[in-house]
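Enquirer: One letter stands for each residue in the lines below.
Number of protein chains: 4
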Amino acid sequence: MAGNSFGQIFKITTFGESHGDGVGVVIDGCPSEIPLSPKDFVYDMARRRPGKHRLESPRKEKDQVNILSGVFQDKTTGTPITLFIQNRDVDSRPYDVLQDVFRPGHADFSYFKKYGHFDYRGGGRYSARETAARVAAGVVAGKILEPLGIGVVAYTLELGGIRAAHEDLKAIGENILCCPDPAAAKLMEEAVSRAKKDGDSLGGIAEIKVTGCPPGLGEPVFDKLDAELAKALMSVGAVKGVEIGAGFEAARLRGSENNDPIDPQGFRSNNAGGILGGISNGDEIVVRVAMKPIPSILLKQDTVDRKGRSAKLEFAGRSDISAIPRVIPILEAMVKVVLVDHILRSRAVT
Amino acid sequence: MAGNSFGQIFKITTFGESHGDGVGVVIDGCPSEIPLSPKDFVYDMARRRPGKHRLESPRKEKDQVNILSGVFQDKTTGTPITLFIQNRDVDSRPYDVLQDVFRPGHADFSYFKKYGHFDYRGGGRYSARETAARVAAGVVAGKILEPLGIGVVAYTLELGGIRAAHEDLKAIGENILCCPDPAAAKLMEEAVSRAKKDGDSLGGIAEIKVTGCPPGLGEPVFDKLDAELAKALMSVGAVKGVEIGAGFEAARLRGSENNDPIDPQGFRSNNAGGILGGISNGDEIVVRVAMKPIPSILLKQDTVDRKGRSAKLEFAGRSDISAIPRVIPILEAMVKVVLVDHILRSRAVT
Amino acid sequence: MAGNSFGQIFKITTFGESHGDGVGVVIDGCPSEIPLSPKDFVYDMARRRPGKHRLESPRKEKDQVNILSGVFQDKTTGTPITLFIQNRDVDSRPYDVLQDVFRPGHADFSYFKKYGHFDYRGGGRYSARETAARVAAGVVAGKILEPLGIGVVAYTLELGGIRAAHEDLKAIGENILCCPDPAAAKLMEEAVSRAKKDGDSLGGIAEIKVTGCPPGLGEPVFDKLDAELAKALMSVGAVKGVEIGAGFEAARLRGSENNDPIDPQGFRSNNAGGILGGISNGDEIVVRVAMKPIPSILLKQDTVDRKGRSAKLEFAGRSDISAIPRVIPILEAMVKVVLVDHILRSRAVT
Amino acid sequence: MAGNSFGQIFKITTFGESHGDGVGVVIDGCPSEIPLSPKDFVYDMARRRPGKHRLESPRKEKDQVNILSGVFQDKTTGTPITLFIQNRDVDSRPYDVLQDVFRPGHADFSYFKKYGHFDYRGGGRYSARETAARVAAGVVAGKILEPLGIGVVAYTLELGGIRAAHEDLKAIGENILCCPDPAAAKLMEEAVSRAKKDGDSLGGIAEIKVTGCPPGLGEPVFDKLDAELAKALMSVGAVKGVEIGAGFEAARLRGSENNDPIDPQGFRSNNAGGILGGISNGDEIVVRVAMKPIPSILLKQDTVDRKGRSAKLEFAGRSDISAIPRVIPILEAMVKVVLVDHILRSRAVT
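Chains as they are written, first to last, in the working numbering: chain A, 144 to 493; chain B, 144 to 493; chain C, 144 to 493; chain D, 144 to 493.
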């Protein structure tokens, strides 16, 4: 009810704050006998971790995932899997200013209105730190999808106004910005540098593709597969928009252009983005999300304090310039969780 | 689990098929002592009803809502409210062709893959007919929002590529397309006529605004208010995209442009769309949805039959040219249901 | 949330009041392709129906079950099944006195405290009338259990202090009190007559047995099979106690007496009642429930009115002398619903 | 879905195994600003802890509760509270025999049938160890009930066939068996000694009383307060029966005896056990549970191995002679959790 759980059968509940002991997740409903060990988490946790060179040194991994329950002899037992990631290096002093002043674009204001009392250190519960737990849950979901031949990949389609011109999925892992167009990646890096120099931040668009998804996933009416994906992705901090297949562009098409003709070999186009009537049609699932620019900037901003009086904020907390590329494994994780949940739901009644 | 319910406390469960006895909804969790009678449903049901002149003759109302339970002496009792709308004029013969052939852009194909056995008549459960039950549920939600001073209004922002240039909310009720720009409305009507003549259909964009929403609604992490709105709206048939506030445009802004400065009088801009960190901030909530063009067109289309063999489809079922404007009250209904659910959730723990 | 739903995957939601239009149930999560038609309901509805000779004349069936949705060509479609039973013969005038005075032993008092406004006619929502919807749901569950070879039978173990001395399951259908001991049944009928003459009512104990239940049903920790059965059965109006296997008698046994030794052929005794650690062990499931005497009696009773002033109540509403035997099909229905839900849950993750 | 969560608004999810890292609970939906610190847990954890003198030395507390999240400056924040209790002294070698042979009366057999692969060490997930997490959750619930003047107390009514003759609640804390009748407590201790000498174990009956409970808690139909209590209590390991108020005795009463007459001052008797129609009536809530004897005994038992072959079991794992008195704080915890959940549910809709 309080919103910290996601999923019906494969149900994840995250917990923890950015400046408390750590963050974690309980996964209830994971089938038994799935192989799982701590090393499975290293790659995705490294991709989410801050720091420019994070992809180069997984050995220096700080966000180590501890399996507190649910795994015996390196296999899941069917009981709740608890994953815990300790917080380290949590100097919360820079956040002391937030006891008083609301950061524009952050949830400080709305949380204060909701709870009165809250852990303001580094955003507390609404810190991006919480997403480490989501990534860990996504790893477990991935272990279920893999043997089914279902792949989930996210990448940067647009950053700071620069859009990838083509999609070479192999290129994604070869540049720091997870962009499938190496030339665009270069321009994006330059844009990031400029924004950083200006004390400002950038927004962007990420695209997620699911390959090998069988038809029949998703439930009619409210728990449509696209509706669940929209919720899952919109629940990621900086996301302000979600679109499936042709998305907003479909609003400008005619039916004769937008309908995907069906051949004996499959769909001739994929404006549907792999989902018809909320149920997967066997084609590739294609989703895009809009990320707003990170609200933490170095520039001076107008705001108010807790008593509603005008205030100026110049806040120097550590922060990225853009949610991209660290958000990439988080988006993948959420999509994986949705897929596994719907696969299990599908098994229940058919 | 099977996806026919929405909401945690104010929980709606819809049922029924387009060519069965009727469609309906059970609302469990509605507070007691809310005034409610059959006439409350007339206006919104009329707006959803097919037919050009539907706004002119509510007396000839066909989609009459019967209150089967939960109301005594014109007030809700706190027990489940069941609303039922009988189907009439349900000649299903035109749909006989669908026993065999899948309509491109429709859910026929994915349903067949999921269930094997399904009610193909007029789309059965995935027919737009189901949304009549949603609109009825929205009316009940509206009776709770009204005394709280919370208003929900949806309108046509764009249709067939024509976009409203300004928003005069009074104009919405004065043109058949629910457009807040009368001049644009005229052009939209012409576009509809052209598409109709061509046997084709149109997509569009609708915008929804919530006024008077108190701060503090929404739960952190997964059940963010924007995440729930995204799910609720994406669950409406033809919706292919949802964006909040600046939405996809935010992806092209810098933080200094996108952050809404805070004054003692409130937010100076509203790129956030009234939601920060998933929780309402007291500002106007602004959401937009992309509607794909109606997949039912008169033009001949390539498809396959149930055995996977090539087929041509020329199907003359009754259909609108665009989901707009009939979708307008449905979008409003879904937003109302989300808001009431979060208001009640908020009461539970504070 | 408001408590009108039961089950996780096979989810039933009942609605309706005793003196409104009727009562019904929406079943969401029923697998598709289960054969179902109105005649399937006749036998169980007849057993629940009031009137001495109800078993003799199913043709005069009054509680006819209408299938409003979810069934096409006499098979379930996987979409919500709505079953509706109209109320007839609902003269609510005898209940007018209840606008003012609380009936001892009834929920009038606690409902008034909870809701303020409620439908007092015949108990409204808390009337035994609601159980007609449960029986209808149980019929659908039964159609799923039958081909799996799982049988559920309930019968009268004790009534008015008279206990069945032996269990001849064939005898159950041959006496009006559903007692497996014909000699005890005779004595029970006499006890009922005496109580009736005295204007009083009787309590009793029913036993439910599940045969053919596979091992492995039930979830560990909170959703244990016995825990769910206890909830399901305790939710039936007059039930004041539930016990599994040896039940309260187990409290007086030693471990060496209570443990069921295991043979290669199975368990040598069944004090466990077929459930170990909350999970079915493949043995017969045995549950007993205690029914309090019907609180509606003809004798004058001390009570208070809505203003808290002393009052006398002599109320002549129609009523049975004992919840037994009409409760028998209701108990069976609840057990069937629990079993089907756990079978489907089991499929989801294994 | 997998049954490790309980509650709708105040939702607890337990995790952990007896021989893994530890056990814990995530509480989602706890209101903010509830004072909470580690010392709050000491008393109840000590009562649940094994060892004869556990009540005398809380300083040597081993089951220390770590608050991993949800509390800031000694107050709850409204975000998920995670409580973790490390396992110590977990020599699992004595359990090696259970890789092969099923213990009669334990869940070994049914778990093996359900999962195939499971953590057999000390019962793994179905070990009584899991209840440490429940007790911790109960402490948090208790912090909410206390300022509302609601008290929950459980005690030993019967043990090894010896029943308390009267109830002096002050006496409960003064004897090791938590019995409100000091004379009976002595006889019970002797019975325990005899059973221990015989290598056998004992069953018993515990009673739980709730004082200060307001009327109006509980939901009609399925989530009746007594139904939820029945589930919560039956979900505790050794419980085989639950009864409310007069319970099974009500089955032998007439309506005129069982109905509680109502005075302006309240109910003249309490056969209802404080609950009418599933909703609290403001009177004391009275519930009794039957505990089977602990299945772990020293006597040699007949069983089978995993291949279904006859086997003898003589197992010397550490074990209590009776679930009483260690189960007492667990029963209290479950009742507290149910009450808090229903208080919050009640707030949501009224």
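For the record, the hints were derived by calculation from the structure and aren't laboratory data.
Careful, some of the hints might be misleading.
Said to hold, decoys possible - Among the chain D residues that face chain C by a calculated CB cut under 7 Å, a handful are:
1. 215
2. 308
3. 312
4. 355
5. 370
6. 441
7. 443
Claimed, not checked - Keeping only pairs whose Cα atoms sit at most 25 Å apart, straight-line, the calculated DSS-like set for lysine-lysine is:
8. 313/B with 218/B
9. 182/C with 339/C
10. 286/B with 352/A
11. 450/D with 218/A
12. 286/B with 450/C
13. 450/D with 256/C
C-beta atoms are modelled at their ideal positions from N, C-alpha and C, and glycine is treated no differently.
Enquirer: Indicate, hint by hint, whether the structure satisfies it.
Expert: These are the hints, each one checked on the structure:
no.	hint	verdict
1	215	28 Å, violated
2	308	17 Å, violated
3	312	21 Å, violated
4	355	15 Å, violated
5	370	4 Å, holds
6	441	9 Å, violated
7	443	10 Å, violated
8	313/B with 218/B	31 Å, violated
9	182/C with 339/C	34 Å, violated
10	286/B with 352/A	42 Å, violated
11	450/D with 218/A	22 Å, holds
12	286/B with 450/C	30 Å, violated
13	450/D with 256/C	58 Å, violated
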